[in-house]
Amino acid sequence: MEDHQQPPLSNPTIHRGRSDLDHESLSKLFGKLLNELTLTMSDFDAAMGASPAVPSGPDVLGLAAPHALKKVKKQKVLLMGKSGSGKSSMRSIIFSNYLARDTRRLGPTIDVDLSHVKFLGNLTLNLWDCGGQEAFMNNYLSQQRAHVFSNVGVLIYVFDIESREVERDLATYINIISALVQYSREAKVFVLIHKMDLIQPVTREDVFEKRAVLVKRKTAEAVAIMRKQQQHQQSQSPQSPSNPVLDIDLQLFATSIWDQSLYKAWASIIHDLVPNLSVIETQLASLGMAIDADEILLFERTSFLVVSKWTSREGERNPYGDRFERMSNILKSWKHTCSKYTGTPRNAEQFSEFEYKMGTTFSMFATKFTTNTYILVCMPPGEARFNAAKLNVAAARPWFKFLDGPVTVAHSAMSSHQQQHIPVGTPTSAVNSSNGNGGPSDSGTTVPEYFMANKDTVL
Amino acid sequence: MSTPVEGSGPVNLDAGALRSRLAKYQSPAALKLYRVYEQNRQRLSKDDGAIAVKVPDSTATVPQPRGKPRLLLMGQRSVVFHKLPPSETLFLESTARIQKDSLNSFMEFQVWDFPGQIDIFDNPNFAFDMDAIFGEIGALIWVIDAQDDYLEAVRRLNTTILHLQRSYPHINIEVFIHKVDGLSDDYRLDIQRDITIRIQDELSDQGIENAPVNFHLTSIYNHSIFEAFSKVIQKLIPRLGQLEAMLTNLCRTCRFEKAYLFDVNTKIYIATDSTGPEDMASYEICSDFVDVIIDFTEVYGSWPRSREWRARLEGAPWHQPLEQQVACEWAESGMVLADARRPIMLREVDRFLALVAIMKEGSYEKMPQINMNVDVVVKGLTEFFEITKQKEVTGAGVGTGAVQAAQGGTVGPVGVQGE
Ligand SMILES: Nc1nc2c(ncn2[C@@H]2O[C@H](COP(=O)(O)OP(=O)(O)OP(=O)(O)O)[C@@H](O)[C@H]2O)c(=O)[nH]1
Ligand SMILES: Nc1nc2c(ncn2[C@@H]2O[C@H](COP(=O)(O)OP(=O)(O)OP(=O)(O)O)[C@@H](O)[C@H]2O)c(=O)[nH]1
Ligand SMILES: [Mg+2]
Ligand SMILES: [Mg+2]
Chain X
1 MEDHQQPPLS
11 NPTIHRGRSD
21 LDHESLSKLF
31 GKLLNELTLT
41 MSDFDAAMGA
51 SPAVPSGPDV
61 LGLAAPHALK
71 KVKKQKVLLM
81 GKSGSGKSSM
91 RSIIFSNYLA
101 RDTRRLGPTI
111 DVDLSHVKFL
121 GNLTLNLWDC
131 GGQEAFMNNY
141 LSQQRAHVFS
151 NVGVLIYVFD
161 IESREVERDL
171 ATYINIISAL
181 VQYSREAKVF
191 VLIHKMDLIQ
201 PVTREDVFEK
211 RAVLVKRKTA
221 EAVAIMRKQQ
231 QHQQSQSPQS
241 PSNPVLDIDL
251 QLFATSIWDQ
261 SLYKAWASII
271 HDLVPNLSVI
281 ETQLASLGMA
291 IDADEILLFE
301 RTSFLVVSKW
311 TSREGERNPY
321 GDRFERMSNI
331 LKSWKHTCSK
341 YTGTPRNAEQ
351 FSEFEYKMGT
361 TFSMFATKFT
371 TNTYILVCMP
381 PGEARFNAAK
391 LNVAAARPWF
401 KFLDGPVTVA
411 HSAMSSHQQQ
421 HIPVGTPTSA
431 VNSSNGNGGP
441 SDSGTTVPEY
451 FMANKDTVL
Chain W
1001 MSTPVEGSGP
1011 VNLDAGALRS
1021 RLAKYQSPAA
1031 LKLYRVYEQN
1041 RQRLSKDDGA
1051 IAVKVPDSTA
1061 TVPQPRGKPR
1071 LLLMGQRSVV
1081 FHKLPPSETL
1091 FLESTARIQK
1101 DSLNSFMEFQ
1111 VWDFPGQIDI
1121 FDNPNFAFDM
1131 DAIFGEIGAL
1141 IWVIDAQDDY
1151 LEAVRRLNTT
1161 ILHLQRSYPH
1171 INIEVFIHKV
1181 DGLSDDYRLD
1191 IQRDITIRIQ
1201 DELSDQGIEN
1211 APVNFHLTSI
1221 YNHSIFEAFS
1231 KVIQKLIPRL
1241 GQLEAMLTNL
1251 CRTCRFEKAY
1261 LFDVNTKIYI
1271 ATDSTGPEDM
1281 ASYEICSDFV
1291 DVIIDFTEVY
1301 GSWPRSREWR
1311 ARLEGAPWHQ
1321 PLEQQVACEW
1331 AESGMVLADA
1341 RRPIMLREVD
1351 RFLALVAIMK
1361 EGSYEKMPQI
1371 NMNVDVVVKG
1381 LTEFFEITKQ
1391 KEVTGAGVGT
1401 GAVQAAQGGT
1411 VGPVGVQGE
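First to last, the sequence lines map onto chains X and W.
Residue numbering for the first sequence follows the working numbering, starting at 1 and increasing by one per position.
Residue numbering for the second sequence follows the working numbering, starting at 1001 and increasing by one per position.
Just chain X, with the same shape it has in the complex (with noise of 0.2 Å):
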C-alpha cells in the first residue's frame, strides 16, 4: 500500500498529461468537476430545449407501464436445412460458446435437438434444429407435420452454397414453406446462404446476389401457387372467413462461421424477437442523450449478439457500417481468449469492466449492465465526460432491469408510480433532468449526494 503513495522511481516529477496533479489535487479536481457536470447536465438539457434527457421517473417509464411490459416470450424458432449445411454449429457459436474449430467435432444431428435458449430475461427460444438428413426430412413434411411447423415464429432455413445440388435444395426448401404456411403462416423467415467463406472474396457479393434472387423467386412462386390454392377453396366454401392474402416475411443473410457475418445475422433474426424493443430503444436514445455518448450497444451476455444500439448524429458518420456484428465477434472472441487465462468455462462471465481512452479521438467503456446484458459506450474525449457517464449508465441500471424478466419489470414500472419509491441514484437523481416541474426530480441537492457517494470508486 504505502508504495502507492509515493512516485516509484528517483525520478521525481509525474507529468499526467497537461497538469502536474498529485492524487489529492486530483480527488479534489473531480470533486469540482462534479459539481460542475450537474450544471452541465442542465444546462445541456435546456440548451437541447428538449423532453427530460434521462429516463426520468414515471415520465418515460409511463412507456413501460405494466400493462404495455409483455410477460416471458417463448418463441418457437426451427432451425433447417440439408444435413451438413451449418445449422448445429452457428447454434453453438452463437448460443454455446463454441469456437469456429470447435463445430468440425459435431456429429449430425439425429432428429431434432431440441433448446431452450434463455435470452435475456423475458425472451425464451425454443430451439428446434432439425436434423437434416433426407430421412427425417421426410419424416418432417409427413408424420410429424402438424407437430414440427405449428406455433412457429421463426424459421431459419440454412443453405449451404457449395452444395452441388441447388435445385434440389431449392425444391426441399420450398416443401418446407409450405408446411410452415399451413401450420404458421405469420411466421417469419429467414434464409441465411451459408459457408460463404469458401466463396473467393471478390466474387462473394456476385455470388450471393444471384443466390438471393433464385431463392426469392422460388418463395414467390410458391407464395403465388398458395394463394390460388387457398382462392380455390375460398371459393368453394365461400361462407368461411376470408384469411388476409398470403405473404411471406423473407429475409436473407450471407453467413460465415469463420466471420462477424454470422453475428450480423443472428442479431436480425433476435432484434424482432425481443419483447419491449421500443422500449429499450426509446430508453437507450434517452441516456445516450443525456450522458452525450456517440454511441451505445446493448449486447446479451451471453450470445454477445446485439440487442438494440443507439447512434448520435456525429457517431452515424462512422464509416464502418459492420461495426455492430464486429463488436459481437471482437468482444466474443475476447471473452474466449479470458476463459483460456483463466482456466474458468467459456460460458461463466469473463470480464466486468473495460475501459479506453484514445487521447483526445475518443473513449469508451464497456460493463456488465444488468443480469442479462453489457452494454458498450462510446464517448467523445474528456475525463469528465467520462467519469459522469459511467456514472450515470450505472444509474441508469434500474430502469432497464425489466431485460432481467417479468419479476422485476412489473415490479420496477410499479413502484415508477411512486416517485418516492425510486431508488437513490436512479437518473433522475444522478443527472437532474429538468421536467420542469419542480418535485423531487429538481435535484439540485440530491445531485451532490448521489456523487459523493459514488466518489470513491471513481477514483
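Worth flagging that the hints you see were computed from the coordinates, not collected in a lab.
Any given hint might turn out to be false.
What the hints assert, rightly or not - Here are some of the chain W residues that sit facing chain X, going by a computed Cβ distance under 8 Å:
no.	residue
1	Ile-1285
2	Gly-1301
3	Ala-1331
Claimed, not checked - Some residues of chain W that are not near chain X, with every Cβ distance over 12 Å (derived):
no.	residue
4	Asp-1149
5	Arg-1156
6	Ser-1306
Every residue, glycine too, gets a C-beta built ideally from N, C-alpha and C.
Once you have looked at the hints, place chain W with the ligands on chain X.
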C-alpha cells in the same frame, strides 16, 4: 509422417484450389482462423529459408553506413510483420526473388525476403555480395518445415552455418522448427532432438564448438511464432537489461504480475520484467488484448470527427480545448477480468510501443496511482529509446500513436537512434 493431434481425416483439396477458394478476413486481429489448419497440415510445401535480423548499432557515434538496418528473411515474414491472419498466408505468392520492404516497427528495419528455393552460397544465377548481406546482421533465422522431410533443409543449414562461422561468427543462428501445429508434443521434441544432433555432429566434425545456434518450435496458428521472434529480437537489443530492470521495478511498485513492452505492429514483445518465470499464457492474453485495442481503435478512432462536434465539446460549459479535457494524450486502457477481478492495463508509449501489464487482483481501484507510476516508467522508456518524434498529424484524429499506426499500417517509419 506428421502425427495429427486434433480433428478428423484429410480434406481432399489441392493447394491451388485452396489458394483461390479461401476467404479473406476483415478483422485480422479478432478472428481466430483455424479453418485452414487441417487442410494446411496436408499440404507439405517446401519451406525452408533464412531470415536475418539486424539491429541498429548501439553506438550512435558510428553512423549507419547504408541507412536502414536490415532484416533479411525467407519464410514467415507476412504473418509476423504484416499482421496477416494465418489463412491469408495461403494467398501469398511464393517468393521468387529478393524482395525489399521497409518495416514499420519500433526499430527501423529493412526487410529482405529471400526466395526459399535458392541456395545463396552456391547458385550461379545469383551473384550475392556476401558482405552486403551478412556484414551488418546480428542474427540469422533459419526456418525448417517440420511437416516436410527436413533432411535437405538441415543439410543446407549446416552449409550456411559453416560459411557464417568462418566470416561472421558473431551472428546468432536461430532455427525455427516451423509448422509444428498438428504435431504431437512428443513428436515435436523428437524432431527438435534429431535436428539438434544432426547440426551439432556436423559442426563438431568440422571442428566448430559452441556455435551460437538456438532452436525454437513455432507455428503461425498460435502465439509461438511471435514469442520466438520476440526472443530473437530481444537478444539484439542493446542494454536489454536496463529495459527489463525498468519493467521489473514497475511490477514491484505497482504490484503487477507481469509487464510486457509490445511492438504493437508486430505483437513482438521487446522486453518483459524478470520477476516471474516465462509465461506463455500471460503473453497470449496481453497480445490478444493489444488486438482488441487495435480493433476498437480502427472502428472508433480512425475517422475524423466533424468540426461542429469538436466545437460543441469545447464550448459551454467546458470552455476548454479537448487537449485539456483529457488526462493523457496517449491511448490507455484497462480491462478487469471477472475471475479474481484481475485487471489488465495497456498504455501506449509512443508511435510503436505499448506497455501491457497484468495486475494483481483488486488493484483496479488504485488505477490513479498506478497510472502515475506508469507515466514515470513510460517517460523512462521514451528516454531509453530516444525516439525522434515526428510532428503529430493534425486534424480530428490526433493522438496518433502505436495503436492507430498499427491498424492503419500506413504511417511511415520513424528514425531510431541508439543511445
Ligand atoms: N467452411 C465452413 N464450414 C462450415 C461453416 N459452418 C459450418 N461448417 C462446417 O460444416 C460441417 C457440418 O456442420 P453442422 O453444423 O454439423 O451441420 P448441420 O447442418 O447441423 O447438419 P445436420 O445436423 O446433419 O443437419 C462442420 O464440419 C462445420 O465445421 C461455415 O460457415 N464455413
Ligand atoms: N500448418 C502450417 N502451415 C503454415 C505455417 N506457416 C506457414 N504455413 C503455410 O505454408 C505456406 C508457405 O508459406 P510462405 O510464408 O509463403 O513460405 P515461404 O517460406 O516464404 O516460401 P517461399 O517464398 O516459396 O520460399 C503457406 O500456405 C502457409 O499458409 C504453420 O505454422 N503451420
Ligand atoms: Mg446438426
Ligand atoms: Mg516467401
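Going down the list of hints, with the structure as the test:
For the restraint placing W/Ile-1285 at the interface with chain X, the shortest Cβ-Cβ distance is roughly 4 Å, inside the 8 Å limit, so the hint holds. Satisfaction of the interface hint for W/Gly-1301 is found here, the shortest Cβ-Cβ separation to chain X being roughly 5 Å, below the 8 Å cut-off. Taken as an interface hint, W/Ala-1331 checks out: its beta carbon lies about 5 Å from the nearest beta carbon of chain X, inside 8 Å. No Cβ of chain X approaches the Cβ of W/Asp-1149 within 12 Å, the least distance being about 28 Å, so the stated non-interface status holds.
Every C-beta of chain X lies more than 12 Å from that of W/Arg-1156, the closest at about 34 Å, which supports listing it as non-interface. Under the 12 Å C-beta cut-off, the non-interface status given to W/Ser-1306 relative to chain X is violated; the minimum distance is some 6 Å.
Comparing the model with each numbered hint stated earlier shows that hint 6 is the single one that does not hold.
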